[in-house]
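Hey, can you work out the whole structure from these sequences and the hints?
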Amino acid sequence: MRLHATLFLAVLVPAALAPLCIGQQSVMPRDYRGPQTYISGIFVTPVPNAPFSAKVEIVSQQKLPDGSLNTRTTTTHIARTTSGVIYNERRQFLPTAAKGDPVLLSIHTYDPSTRLSTILDPFTHLAKENVLQQPPTAPAHSVPTPTPANPMFKEEQLGTQNIGSVLLQGIRKSRTIPATMSGTGQEVVVVDEYWYSPDLSIYMILKHEDPRSGEQIVAVTEVERTEPDAKLFAIPANYKIVDETPVP
29 MRLHATLFLA VLVPAALAPL CIGQQSVMPR DYRGPQTYIS GIFVTPVPNA PFSAKVEIVS
89 QQKLPDGSLN TRTTTTHIAR TTSGVIYNER RQFLPTAAKG DPVLLSIHTY DPSTRLSTIL
149 DPFTHLAKEN VLQQPPTAPA HSVPTPTPAN PMFKEEQLGT QNIGSVLLQG IRKSRTIPAT
209 MSGTGQEVVV VDEYWYSPDL SIYMILKHED PRSGEQIVAV TEVERTEPDA KLFAIPANYK
269 IVDETPVP
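First residue of the sequence shown? That's 29 in my numbering, and the numbers climb one at a time after it.
Think of the hints as simulated: they come from the structure by calculation, not from any bench. Among the hints, a few may not be true.
[Stated by the list, open to error] With a straight-line cut-off of 35 Å between C-alpha atoms, the simulated DSBU-like cross-links for lysine-lysine are:
(1) Lys83 with Lys156
(2) Lys83 with Lys182
(3) Lys268 with Lys156
(4) Lys156 with Lys182
(5) Lys127 with Lys268
(6) Lys182 with Lys91
(7) Lys91 with Lys127
(8) Lys156 with Lys259
(9) Lys182 with Lys201
(10) Lys259 with Lys127
(11) Lys182 with Lys127
(12) Lys83 with Lys268
(13) Lys259 with Lys91
(14) Lys268 with Lys91
(15) Lys182 with Lys268
In this text, all values refer to a predicted model and were calculated from it rather than measured experimentally.
Written out as structure tokens, the structure reads:
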């Protein structure tokens, strides 16, 4: 596992972690729901004046019925310009022994000044454009929500840590599932850990652990806090642009 910190992205920041804002709206996504076939990765908020580019390393360890682990990994890229335009990839998951780069499945860009969302499909060479009615929000179940007032839930502030020059604030949320409801006959504790960068307005490290199903880790690495190459956000000349904006 090539993780710069051994600690699955993206965005509510209770208590010491201030909520992200786009305009006057707070971005308050919901709790991450655990290992799945589709992993949404890091939600990059389209905020201005915080340009960067980085890699996202994802490790999924799925617990199989025989007790063994099916480990798959992928590496994607994310970026954001000074004006807040975001770039996010989705790539194929591979076994840990696989060689070469994961296959690129799609690229998503979003420009907050025009609300233009574009998805590039490398298989069909289509660029699907859609002018959104409001800014995009983080995928459902991808980040924490307020911990309910329930003795079966626990929330801990983990303080701060630095990864390179990036300061992170941490929170751990634990949920106890009674033996009568866990499906195992025993009490189960599901743990989610989130490390947020106030400077970059993204979650840098996310970890989800469920004894019943396995573990997922998402970590942002190799952060470059400079303006990304403009070519990254351009539609290739061999792509056909398709307007998918709903007709009023």
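Taking the hints in turn, this is what the structure says about them:
no., hint, result
1, Lys83 with Lys156, "holds (24 Å)"
2, Lys83 with Lys182, "holds (31 Å)"
3, Lys268 with Lys156, "holds (8 Å)"
4, Lys156 with Lys182, "violated (42 Å)"
5, Lys127 with Lys268, "holds (31 Å)"
6, Lys182 with Lys91, "holds (25 Å)"
7, Lys91 with Lys127, "holds (23 Å)"
8, Lys156 with Lys259, "holds (18 Å)"
9, Lys182 with Lys201, "holds (6 Å)"
10, Lys259 with Lys127, "holds (27 Å)"
11, Lys182 with Lys127, "violated (41 Å)"
12, Lys83 with Lys268, "holds (28 Å)"
13, Lys259 with Lys91, "violated (40 Å)"
14, Lys268 with Lys91, "violated (41 Å)"
15, Lys182 with Lys268, "violated (50 Å)"
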